[in-house]
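Novice: The chain contents come next:
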Amino acid sequence: MQQEFSKEEIMAVYPKVAETIADALGSEPEDVKLDVSLIEGLQAESIDFLDLVFRLERAFKIKIPRGKIVEDARGDLPESEFEEKGIVTEKGMARLREFLTEVPAERFKTPMKAAEVPKLFTAETFCKVVLRAQKAAAASA
Amino acid sequence: MSAPGLFDSGLAGKVALVTGGSRGIGRAIVETLAADGCDVTFLYRGSAAAAEEVVAAASAGGRAVTGEQADVRDSAACAAAVERLAERAGRIDVLVNNAGVIRDGLLAMLSDDDVETVLDTNVGGMFNVTRAVAPHMIAKRSGAIVNLSSISGQKGGRGQTNYAASKGAVDAFTRALAVELAPRKVRVNAVAPGVIETEMSQAVREMAGDEQLKSRILLRRYGEPQEIAYAVWFLASRFSQYLTGQVIAVDGGFKME
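Protein chains in written order, with the numbering used here: chain A, 1 to 141; chain B, 142 to 398.
To be clear, the hints were calculated from the coordinates, so they are not data collected in a lab. Glycine is no exception: its CB is placed at the ideal position from the N, C-alpha and C atoms. Be aware that a few hints might be false.
[Claimed, not checked] Computed cross-link-like contacts, BS3-like style, restricted to lysine-lysine with a CA-CA straight-line distance of at most 27 Å:
hint, chain 1, residue 1, chain 2, residue 2
1, A, Lys85, A, Lys16
2, A, Lys68, A, Lys85
3, A, Lys63, B, Lys296
4, B, Lys355, A, Lys16
5, A, Lys85, A, Lys119
6, B, Lys281, A, Lys119
7, B, Lys326, A, Lys119
[Said to hold, decoys possible] Covered by chain A, according to a simulated footprint, are these stretches of chain B (three or more residues, beta-carbon under 8 Å):
hint, stretch
8, 276-286
9, 315-325
Only chain B is shown next, with the shape it has when bound in the complex:
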């Protein structure tokens, strides 16, 4: 077999699983990986219509793209979805833990549900899916896991204790799992987006105010989902083969207060 070309990402023909793939950043990740030749399965919780749209758009290039409805908080549903994918594809090369929710509010005002939903989805969901996928990667002695963190994990903002705690956990999980899986040649990294123009961040942007928020970003603008997808794609690809246990901020140069 000839060596891959300098600009060959190595992703063609690979099998990827993306959680929270029907909207926003997740959708951009699904489309980017599929565009580079991955067969992509994505999990989504809500709208089947949105998922169908993603399948149609992402599979236009000829790759197999599948949407599966599963709530990442449900470990049995995650395990079943992963098993179905492994049965179908024979392996899983890339996992992107993207599913996440925001329920901002001042600490004293947060309900139990606000705390539980954010931690169970953003942290529990990552555990549930990764636990099911990791043995497949360990057995193959290869794989790349990319977790979606957030700038909030490092530079917490007011009203974000639950979200910031969940993303801090993503960072710690990423480093610990990288140690655990490195001997089995599985890489684990995270991307920490700054303020990205998505439905999910809309409330945050409105609450903080555009001008105030942008004044803290060196590039003076919000990011786009595609700009996060590029970073995820890089971490999933051969180009980052010497990179593990890292949390890469893609935030336009977000300044601490």
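Here chain A stands alone, though its shape is the one from the complex:
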């Protein structure tokens, strides 16, 4: 499958993203591996994502609309097709696997509650968030 960003592009922003994650979560920088789940590996809480996004905006001088990650993860899929009664549908899971290519396959456990989707997010997920925001800014400049 065509990757959205090359390894080089990811690695170009990774050091600063990792440092920002460590600052936001109060973790040791060496614990912020590219594939670490922020919630399960670094004990992040949902409010930490707000803090992290805020810090990334400042560190990279970009704008990341609130709720953007989950919205992007869902893609064109309407909410009603993405989840049913709080559980991610099969279509939704397929979309997540396609979008979150950085997440190891074994972490996509079914049935997955929609509220648990952020558990999938890794440091690399946030590298991609930064790259997407940079791309959007370049496109609109």
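Since the structure of chain A is already known, use the hints to place chain B on it.
Specialist: Below, chain B without anything else, positioned relative to chain A:
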């Protein structure tokens, strides 16, 4: 660095944002925080002349005091004003959500506009400004948010369904946000004034009648804006560092009917 003195509020050099700061209680809050050494930015909706007066009075002690025209119902305007302040000052330590309006009337007589204006300003405005400010406080792992509630939130009066509902929401918001932000060392409290002598409460006082109203207040008089400002100042200061999620009534001992 030496420990702060026993009577040092810790507010000197802090950066505060006050909504609805050009009149009444808001003005007293702006002046009190500035007098204790805060740099204060306040939002106001209406009169630029009144705002200029507040800037002149509050900055007399040498602190930077800025008035910004913004309607708290406009979330984009709030976000922009907060960003400008953060850019200018580098941080925001204290937020006072004071902006509020009253449109009293019996429920059946309230227009859509009476309901919407009160809820959008008193509740929506608090959401708009707090949402923009909170990330700055979370990032610094410190901050104090003080919301202006009202005695009406707990002891509703006739003709105040819209206002009472909005202030009940302020109380609930205060408690919920205190839970959310406590792990990030941001405190959230509210002050619930009783009947205060301001332009805003004039109609309420006239409608209820002075004697009748004062007979329900243990101290037998209305409060002054400054008496509310003192409570807000306390909740913004180091003196209340072990206090969060509380709604403090400053009402002269207002009795329920």
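Novice: Now tell me if each hint is right for this structure.
Specialist: For each hint, the structure was consulted:
no., hint, verdict
1, A:Lys85 <-> A:Lys16, "violated, 38 Å"
2, A:Lys68 <-> A:Lys85, "holds, 22 Å"
3, A:Lys63 <-> B:Lys296, "violated, 44 Å"
4, B:Lys355 <-> A:Lys16, "violated, 62 Å"
5, A:Lys85 <-> A:Lys119, "holds, 19 Å"
6, B:Lys281 <-> A:Lys119, "holds, 25 Å"
7, B:Lys326 <-> A:Lys119, "holds, 24 Å"
8, 276-286, "holds (count 4)"
9, 315-325, "holds (count 4)"
Taken one by one, the earlier hints fail for this structure at numbers 1, 3 and 4, listed in ascending order.
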